[in-house]
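**Student:** Given the coordinates of chain A, work out where chain B should sit on it, guided by the hints.
Protein chains: 2
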Amino acid sequence: MSVLIVGSIAIDDIRTPAAHYPDLLGGSASYAALSASYFAPVSLVGIVGTDFPQRYLDLFRSRKIDLNGLEIANGKTFRWAGEYEADMNKRQTLHVELNVFETFRPRLPSGYESIPIVLLGNISPELQAHVLSQTHRPRFVVADTMDLWIMTTRQELLELLPRVDLLVLNDSEARQFTEEDNLIRAGRAVLALGPRYVAIKKGEHGCILLSQDRFFSCGAYPLETVQDPTGAGDTFAGGLAGYLSGQNKAEVTFDDLKRAVVHGSLMASFCVEAFSVQRMVGLSEKEISQRYDSFVAMSHF
Amino acid sequence: MSVLIVGSIAIDDIRTPAAHYPDLLGGSASYAALSASYFAPVSLVGIVGTDFPQRYLDLFRSRKIDLNGLEIANGKTFRWAGEYEADMNKRQTLHVELNVFETFRPRLPSGYESIPIVLLGNISPELQAHVLSQTHRPRFVVADTMDLWIMTTRQELLELLPRVDLLVLNDSEARQFTEEDNLIRAGRAVLALGPRYVAIKKGEHGCILLSQDRFFSCGAYPLETVQDPTGAGDTFAGGLAGYLSGQNKAEVTFDDLKRAVVHGSLMASFCVEAFSVQRMVGLSEKEISQRYDSFVAMSHF
Chain A
1 MSVLIVGSIA IDDIRTPAAH YPDLLGGSAS YAALSASYFA PVSLVGIVGT DFPQRYLDLF
61 RSRKIDLNGL EIANGKTFRW AGEYEADMNK RQTLHVELNV FETFRPRLPS GYESIPIVLL
121 GNISPELQAH VLSQTHRPRF VVADTMDLWI MTTRQELLEL LPRVDLLVLN DSEARQFTEE
181 DNLIRAGRAV LALGPRYVAI KKGEHGCILL SQDRFFSCGA YPLETVQDPT GAGDTFAGGL
241 AGYLSGQNKA EVTFDDLKRA VVHGSLMASF CVEAFSVQRM VGLSEKEISQ RYDSFVAMSH
301 F
Chain B
302 MSVLIVGSIA IDDIRTPAAH YPDLLGGSAS YAALSASYFA PVSLVGIVGT DFPQRYLDLF
362 RSRKIDLNGL EIANGKTFRW AGEYEADMNK RQTLHVELNV FETFRPRLPS GYESIPIVLL
422 GNISPELQAH VLSQTHRPRF VVADTMDLWI MTTRQELLEL LPRVDLLVLN DSEARQFTEE
482 DNLIRAGRAV LALGPRYVAI KKGEHGCILL SQDRFFSCGA YPLETVQDPT GAGDTFAGGL
542 AGYLSGQNKA EVTFDDLKRA VVHGSLMASF CVEAFSVQRM VGLSEKEISQ RYDSFVAMSH
602 F
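So the protein sequences, as listed, match chains A and B.
Each residue of the first sequence is one higher than the one before, counting from 1 in this note's numbering.
Each residue of the second sequence is one higher than the one before, counting from 302 in this note's numbering.
Hint data in this document are derived by calculation from the structure and do not stem from the laboratory.
None of these values were measured; they are calculated from a predicted model.
Even glycine gets a Cβ: it sits at the ideal position worked out from N, Cα and C.
Mixed in with the good hints there might be a few duds.
[What the hints assert, rightly or not] Lysine-lysine pairs mimicking DSSO-like chemistry, simulated, CA-CA at most 30 Å apart:
| id | chain 1 | residue 1 | chain 2 | residue 2 |
| --- | --- | --- | --- | --- |
| 1 | A | Lys202 | B | Lys503 |
| 2 | B | Lys503 | B | Lys550 |
| 3 | A | Lys202 | A | Lys286 |
| 4 | A | Lys90 | B | Lys503 |
| 5 | B | Lys391 | A | Lys202 |
| 6 | B | Lys391 | A | Lys90 |
| 7 | A | Lys76 | A | Lys64 |
[Unchecked claim] Covered by chain B, according to a simulated footprint, are these stretches of chain A (three or more residues, beta-carbon under 8 Å):
| id | segment |
| --- | --- |
| 8 | 174-185 |
| 9 | 198-208 |
| 10 | 217-224 |
For reference, chain A alone in the conformation it holds in the complex (with noise of 0.2 Å):
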């Protein structure tokens, strides 16, 4: 069954201090959509403007995903700058300008109400919650969130929570949303907030699930080298929802969000091996396997 992906699409800016890498497609709902797109059909929800490049139309098209959810509207596509030090951990946003994204009201296209999987991706919780009450109860919803919402949006995130099966946040986001220091008792002060399940990520460190009586320790895949973690969580939970999507089961459970979360893993070791969504095209079935194997091979024993 298929998965909607809901989030910003972008033009993002890179340097680094080697090379200027302009004009590269970004965005939440671009990294979650190519990621899903491996493992179920995708139907996008976004904005773009009119200079948005026809090569990335032809991206998305390329990877079977559904843009009738996509809205080109007269103006520019929100465009992010960044810069990165020579590590590539540490960066500093240059430029934010969101353009056509300030005023992104998606209204759902037909058929899309009743997608059973909804990935909320990193949006404001306001614009999470106008797309979700569109929606006719899908099995399972997944909200990812950042430190900007909240910071600023807090209790717009606290209404969307009961209505979410699973958040996904990273260890920092979850420390200061529950004023937790132990990440434990961070996860589980979040799932009293509503969400039946909570996914920590904690980048080198992996990943943790938890829900109300069940825990998950998912490690990371070893990368000697990151290339760019642009848009890491995002693939992170694109592989998570668009792998639930392809397993087709009336009843998510939480050995099914095990193995989620750990495609979503694997998706973002990919990512952040290239530029962009550079690696996000083009992964064949093969290396995908064979990263699953990794995983089973650096988890069970």
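**Tutor:** Frame of chain A, contents of chain B only:
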């Protein structure tokens, strides 16, 4: 088969904002020996003074730990005093008295030289080498180390490493030792110095194990409260070496080491649940096997 464990044996004095615990059993060999004793017969090599409480000798004996290698010297036992902040994560050393440990120069009792598994607990690499030189080609040698030795006796540590099968250290020590920020690169840099395997402990993020061509990642057991992290690393090394000994294998494989790392982690998760070695006494087989099952459930997918 049995395991030889050498390290420090101390009397600890620990203060918290709420309480003062004097005369606790401490030291790397104490934690490691008690931890290992749940899996194999332990032969302890260490030194204490004539002030060493009889109840702690009885405690070692209650765990069937062979004390033929324990020297009781004229003078006082090694003493350490520390103070924890309210969250038990920050510790300050208030006082160190080496006492009889200052002249520790162990001679292995007859029969100890052929014990197949050797754990060189956290003491100076020079002392570790001195003990190792008295053994006859042990089947597997584990060495633990810490920032102090990396800083003050780097050359001695470098000379020891090619004689060691597995080096255990924590993440900040691995980075400090190798000057590599990426933990996978740090691990590979350690392997290049001689040991066949390296285990890097990451506290709440678990532990990773590397060989030239294999990788394993073990999550930490989810604990909402840590009572006392003192000795967790020693308990990890002891559980690991004890488990290997209990397996009675002619050769230690990477798969054996995976399970050894899991047993080290699960023993460390008990250790931090209470002050000093309290939790390392009187654990039942059922408690250990239940926690092992929890590690399987939280790691396998």
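**Student:** Each hint should be assessed against the structure and marked as holding or not.
**Tutor:** Hint check results:
This hinted pair checks out: A/Lys202 and B/Lys503 have alpha carbons roughly 12 Å apart, not beyond 30 Å. A distance of roughly 28 Å separates the Cα atoms of B/Lys503 and B/Lys550; the hinted pair therefore holds under the 30 Å criterion. Proximity of A/Lys202 to A/Lys286 is assessed by CA-CA distance (about 27 Å); at most 30 Å being required, the pair is judged to hold. For a cut-off of 30 Å, the pair hint linking A/Lys90 to B/Lys503 stands: about 22 Å separates their Cα positions.
With a CA separation close to 22 Å, the supplied pair B/Lys391 and A/Lys202 stays within the 30 Å bound. Annotation: proposed proximity of B/Lys391 to A/Lys90 holds, straight-line Cα distance about 27 Å (limit 30 Å). A hinted pair counts as satisfied when its Cα atoms are at most 30 Å apart, and A/Lys76 with A/Lys64 qualifies at roughly 25 Å. Only when three residues or more bring their CB closer than 8 Å to a CB of chain B does the claim for the segment 174-185 of chain A stand; here the count is 5, and the claim holds.
Figure legend: the segment 198-208 of chain A, annotated as covered by chain B; annotation consistent (5 residues with Cβ-Cβ distances under 8 Å, at least 3 required). Check on the segment 217-224 of chain A: 7 of its residues sit with their Cβ under 8 Å from a Cβ of chain B, so the three-residue criterion for coverage holds.
Of the numbered hints listed earlier, not one is contradicted by the structure.
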